[in-house]
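Student: Chains as they are written, first to last, in the working numbering: chain A, 481 to 799; chain B, 481 to 799; chain C, 481 to 799.
It is possible that part of the hints are untrue.
The list treats identical chains as one, so a pair stands whether inside a single copy or across any two.
Stated by the list, open to error - Here are the simulated SDA-like pairs of lysine to any residue, each with C-alpha atoms no more than 25 Å apart in a straight line:
1. K662 to S714
2. K533 to S720
3. K512 to R776
4. K636 to R513
5. K658 to A691
6. K533 to R556
7. K633 to R513
Derived by calculation from the structure, the hints in this document are not laboratory data.
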Amino acid sequence: MNRNLLSINDLSREEIESVLGTAAKDFLELSKRDIKKVPTLRGRTIINLFYEKSTRTSTSFELAGKRLSADVVNVRAGSSAAGKGESLKDTTLTLNAYRPDIIVLRHPHVGAPAFVSRYTGAHVINAGDGKGEHPTQCLLDIFSLQREFGDLKGLKVAIVGDVLHSRVARSNISGFKKMGMKVILVAPPSLLPRGVESLGAKVAHSLDALAGMDVIYLLRMQRERHEGANYLPSMREYISNYCVGRRHVAKGQRVLHPGPINRGVEIESALADSEENMILQQVEAGLAVRMAVLYRIIVDNAVPLAAGEAEVRNIQAVG
Amino acid sequence: MNRNLLSINDLSREEIESVLGTAAKDFLELSKRDIKKVPTLRGRTIINLFYEKSTRTSTSFELAGKRLSADVVNVRAGSSAAGKGESLKDTTLTLNAYRPDIIVLRHPHVGAPAFVSRYTGAHVINAGDGKGEHPTQCLLDIFSLQREFGDLKGLKVAIVGDVLHSRVARSNISGFKKMGMKVILVAPPSLLPRGVESLGAKVAHSLDALAGMDVIYLLRMQRERHEGANYLPSMREYISNYCVGRRHVAKGQRVLHPGPINRGVEIESALADSEENMILQQVEAGLAVRMAVLYRIIVDNAVPLAAGEAEVRNIQAVG
Amino acid sequence: MNRNLLSINDLSREEIESVLGTAAKDFLELSKRDIKKVPTLRGRTIINLFYEKSTRTSTSFELAGKRLSADVVNVRAGSSAAGKGESLKDTTLTLNAYRPDIIVLRHPHVGAPAFVSRYTGAHVINAGDGKGEHPTQCLLDIFSLQREFGDLKGLKVAIVGDVLHSRVARSNISGFKKMGMKVILVAPPSLLPRGVESLGAKVAHSLDALAGMDVIYLLRMQRERHEGANYLPSMREYISNYCVGRRHVAKGQRVLHPGPINRGVEIESALADSEENMILQQVEAGLAVRMAVLYRIIVDNAVPLAAGEAEVRNIQAVG
C-alpha cells in the first residue's frame, strides 16, 4: 500500500488482491474466536476524525484498531474545536502534533482527506468524503464478492439508485472495473452525475436492466445530501420505479448495499430480510478488511526513509 | 446465568446469590487496589448501545468492561446511523456482524432488549428499557442491602414515588420479593400503574407508611417521561406530601435511591447528604455487580453448543 | 506535586522544574517511537469530565492517559446525568464511587475543580475552569519556552488580546512571573479585568509595546464568553489595532498561542503559518507535559497515609 488510502485508485489490482489476502488469511477468522485480538499495533495511535454522523464505519474502524491493540481516539467534529471555528488545516496540524500513526477521516467535503494528508505525517485513510470516495467500502465489497463468486473477471454488476450523491458508487465503479467486472448504472437521469459516460459505465433508466446481472448493488438514497433541491418529482414515483424487491432478483443473483438501508425506499423490506442479500456479510467483511488496511498501511510503509527525506517530511508535517 | 439478562426474572434466587457472590469475592475489593484490572475478558468485545442519555449506568458498564480488560465500544444513538433512520433491527444486525460477545442496551421502549436478543448471537444485558426493567440496578440494590442487613428474608421495604414510570420499581418489586422481602408501594394513585395489585405489593398513599420499614427505597421523579401529561395536580403538592426528609427516617432505617437524585423533589437535600442513605454504596456496588454480570454471562454460557444448535444460532444471528 | 493541580500556584518553581524534567526525560521522545506507550499507569482509572467542548485538551489528556496504559473514561456533560439536572456535587460523588485515580475536569465555572476536589478521593486536575485557570496549559508553555530559550529568568513576554476572558492569561501571568519572566499585558482597556494592576503585570494598549519583547503570547478572542455584551466597539477596529501579523514580529521573537486560533482575528494567517510561531511545538509539548502530570500526581502522592488520615479522607470522599 501507499502512504495514504485516499481513493480506490491508490491501489493497483495486485495491491487490492494483496490487502484482501491479508484480510482473509489473518483477520477474518479472528472475529470468531473468544480472544478477538492480536498485539500487532500495540502502542500505535489511531485517530478517528469524524465530521459526519456514522455508526458502521466509525465503529468498524474503532473495533479494527482495538482488535489490533492500537490506542484509538475518537474525535467528533461536533464536540471539537472545529465547533469553535477552527479550520480543517489547523485541526489537522494540532492532531498531527500528537504524532498519530493513522488518521481515519470522514468529512462532508470532497478532497478533505487529500487536504489533510498534506498537513500530517500520519497515514490518512479516507472513510468517506462527501460525494467523493469511500475506498474501504469498495475493498470490503470486492472482498465479499470474491468470497461469493471467486474470480470477479467478467462478472456483471448493476449499481442502482442515487449515484449522484454516492461516494460508494464512485469508488465502486472504479474498483469493480479494476477487478474486470462490467458495470451498469441504473438510476433516473436526475440522480446521475453530468458526464456520467466518462465514468466508463453503461447507463440504464429501468430495473429491467437487472436481468442478466450477477450482482445488484443498491445505493442508499442520500436524502440528507439533497439539501432541499428537487432531484426527484416525487419520492413515491421513485420508489415505484426503482425500489428493488424480491421479484426483481433472479436465482443466483446477489444483492449488496453499503448500509444503512432505507427499508421501502431503495430496498423492499422483504428483500432486506432475505438470503439473496449479502448486507451482513459485507459488514463482517468490513471489519477484517479494515484491520488489514490499518495493518498493511503501517507495515508496507515501515521502510526507513533517507535522512533528508525524513527531514522534509517532518518539516511539512509540522509547519 | 442464562444467555441474556433481560429481566430480573431471568435469574432464580439461587442464581442471584451466586452472581452476587462473584461480585463480593472477586470484584468488590478490586476497586480499592492500585491496579484495578484483571485480564479475565481480554480480547472480548462489549458494545454499549445507548439510546438514552446516561452517566452512571453507561460509565459503570464501560469501566466494568475495561477493568475486565475487554474492548469496550460505546455507540450512542444520537450520533449513529439510527440518526439516519435505521431501525433497531438493522442496527442490531449490523453490530452483530462484528461478533461482539455482549451488547449492553439502554432504550426508551419496553421490550427493546428482548427484541435485540432475537437478532444477535451476543449476550444481551438490559441496562434499562423505558418503563420496563433494569435488572442490574436490582442486583446492585440487593447486593447493597445484603452487605448492610445480611439475610434479607422478612425485611420490609417501602418503594416511594413515581412507580408508574419506573423500570427500577418493576425490577425491584420482583427482585425484593424473590429474596423474601415484604414490599409496599407508597405513591399518589396517579403515579401507580393500573392493576398495581397484580405486582404483589401492598399500596399506601402517605409517608406514614414508612414507620416500621427497614428500607426506604426512593424513586427518581421521571419528569422526562411524563410527556406533558398531568400526573400530578402540582409538583408543590407532591413534594409536600411525598418528598422524604430526615424526619421521616427512623433510627436503623436505611434509604436507597437509584440516582440521579432530584434534591428537593423526592429527597430532601439534608437526607441526601446524611449517613442514613446508601446511595454511594449503591453506586460502588454497581461496578462490582456489573463486572460479575459481564464475567458470569460469558463463563456460564461457555459450554460448547452441539453442532446443529450452533448452526441454527448462527443463521438466526446473521439473517 | 500536591494532591491536586487546581492552579499553577499549587506548584513552586522547583516543583515546576521537576515535573517538566520528567516530561523532558521520560515522555517527550516517546511520541516519536513506534510503540508510544509505557505500562506505568496500567490498571489506574482516569475520568475526563468535560462540561465544555474541547478537542485539544480532552484529546491530549485522553492520549496521555492511554499512552501511560491507564483506563480512560470520557464523560461529556451534554450526554450525562448532568443533563437530567444532577448537581456537580452529586455527579462528583457518583464518579468518586468508582474510585478513579484521577479526575480531569473542564468546567465553565471558576472554582469548579476546587469544589470537585472536596467530594472525591481522586486527584483532581483543572483542565480549564471558566475565566479561572488552566495550569497544564501554563506548564506546557513554560516547557516550550525552556526548550527554545533555556533559562527563562529575565525574559520579557507580552500577553496580547482578550485577557479579561482568558484562564490561560491568569495561569500564565503567575507562571511566567514564577519563572522570573517580565510580563506585560497588551489589550484594549475593555478586555482587561478590573484591578489588573494587582496581577503584577504592566499594561499597554498598543502593539507598539511588542518591540523589545522576547515572547509574544497571543490569546484566543473568546467570543463565546462575551455573551452578548459589547466589550468591543467593533471587531473590525479590534482587528486593525490588535491582530498580530508578521510585520509586528522582530527577528528572534517567538510567538505562542494556546489554540484554537482565530485566523484573522488575533493572529494573521501568514503569521500562523510562519516559523516564528511555536503553536505546534506547544501542542506536542502538551502531550508530554500532561503525561508527566498524570504520572507525577500519582507517584508523588503514593506515600501511605496514616490510618486516621485515610479514614478522614475516605469519609470526606464518600459523604
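Student: List, from low to high, the hint numbers that the structure doesn't satisfy.
Tutor: 1, 2, 4, 7
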